[in-house]
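Keeping their order, the protein sequence lines are chains H and A.
First residue of the first sequence? That's 1 in my numbering, and the numbers climb one at a time after it.
First residue of the second sequence? That's 1001 in my numbering, and the numbers climb one at a time after it.
Rather than coming from a laboratory, the hints here were simulated on the basis of the structure.
Certain hints may be false.
[As the list claims (entries may be wrong)] Dumping the calculated DSBU-like pairs for lysine-lysine here, alpha-carbon to alpha-carbon at most 35 Å: (1) A:1035 with A:1062; (2) A:1129 with A:1302; (3) H:145 with A:1129; (4) A:1310 with H:145; (5) A:1062 with A:1129; (6) A:1129 with A:1310.
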Amino acid sequence: MSNPTDRSASQTPAAQAPAGQTTRRITVTVNDTTANHDIAVRQSLSDFIREDLGLTGTHLGCEHGVCGACTILLDGQAVRSCLMLAVHADETTITTIEGLAEPDGTLHPIQQAFHESHGFQCAFCAPGFVMTTMALLNSNPNPTKEQIREELSGNLCRCTGYHTILKGVETAVQLYGSGRRDASETTDTNRQDGGTANA
Amino acid sequence: MANSVTQRAGHAENLANKPGGRDQAAKICKGLGVKNPPFAYHRPETLDEALLLLAQIGEEAKIMSGGQSLLPVMAIRLGQPENIIDISQIRGLDSIETESDIVMFGALVTHSQAEASPVTRDSVPLLHKAMPYIGHRAIRNRGTLCGSLAHADPAAELPAVALALDAELIAASTDGARFIAAEDFFSGFLSTTLQQNELLVGVRFHQAPAGMLTSVQELSRRHGDFALVGLTCVLQLSSDGLVDSAALSFFGVASTPSRATQAEQSLVGSRPTTELFEEIANMVSNELDPPSDTHASANYRKHAAGVLTKRALADCMSQTGVLT
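Can you make the complete structure from the sequences, with help from the hints?
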């Protein structure tokens, strides 16, 4: 440090520390709806999504970044909503699990694939897994089995239903590339997949 | 300063403890966001503004960018900072810059950004190799290199990488900027030599010279967990095939990242053979003095450090194809 004294003498910083904010207004787009919200700065993004927006599909397991249940997409990237403050989401675009299915209830291909592969057991972890899969397939539509395991390694399933979840992702890889298919078609294909997945 | 959020939370807690008070308490808590302890929030838009704030608030301020280390600490009440200075919106701190043989990562460069950058892969390969070990994708999307370094978790990968590569950390304050060598930066468990008024604005590495051999080895309970023992290793061979320089930088074995200097000195000038690596591994096990905790005993960590050393050295040599 070359010359630390000359400027500090003239500033007397401690006397005028600003108070900071305890609430703040944010603008955020969630599942295609943009709105302003007044929030407490200490509120986590996950609590904001669940309590202020009423989108309780984003689940809270550990609330300190270990379990992955609260994973959402923030500007297209997977993030843990419990490890963000709601203020961090100011001027961002968020997709939660509620933003995937069509308004008429038609499942998103990833949801459909998990459904077909029995990837949901108690399904508490499912929103996190589905959103993580979404981020993965958006950046890499054709992941290898190794890559799928690596990318999903941050999500915990306490039912330990990992095999069917991984199968769900593999099915999603096929569905995602080829677009949506109707139920009868997917069921037929699923039987074939089910027989060969572990071969 | 009266903190209305604190007061509301306190009021709600009192109500909740009274018979029939729970519903009323819930109403008060609605939208309060009670997960994190209360704090005053500052979001400067320029570095100068941030540095002035830091100078004014001093020790009661914590810097936050991605929050991937600080928010868990707050969530489990290990830390309750009175003020948070959110630097995430400051422009000009999010770039990876190359100048002559130096690569500089700004304070807001995320792990994902560094991981995806060809500059990291080509010029700082050890850092590139360490990236997949850091948490998980969703963590790396938010967490920053400088945040991890300033947090200084002794079981984290990046402090050991910085130590192995003799990185320099750039600390700024209203008084100016200074460079801190990695070996002078980590001063204890979650502690650094950053002063209260200083902000870590970047970290810089020398570009890897041609032929630099690197390896990252880590032992953890589950993938993505903090390491029980980990090692970042750098070897440089001379033209006659002897070890020219070596760095064995460990994490998870002490209150700071630490280099096995005796073992390093024994490597230098020697011919790299499996026999030598066996000896070096034993030296490492004897040299390190790791703690025992619920996750692993000191003896286990010493043993594992030796095993990882052998693996790291073999991995380095496999990059030359000449292990004898």
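Going down the list of hints, with the structure as the test:
| no. | hint | result |
| --- | --- | --- |
| 1 | A:1035 with A:1062 | 18 Å, holds |
| 2 | A:1129 with A:1302 | 23 Å, holds |
| 3 | H:145 with A:1129 | 21 Å, holds |
| 4 | A:1310 with H:145 | 29 Å, holds |
| 5 | A:1062 with A:1129 | 30 Å, holds |
| 6 | A:1129 with A:1310 | 18 Å, holds |
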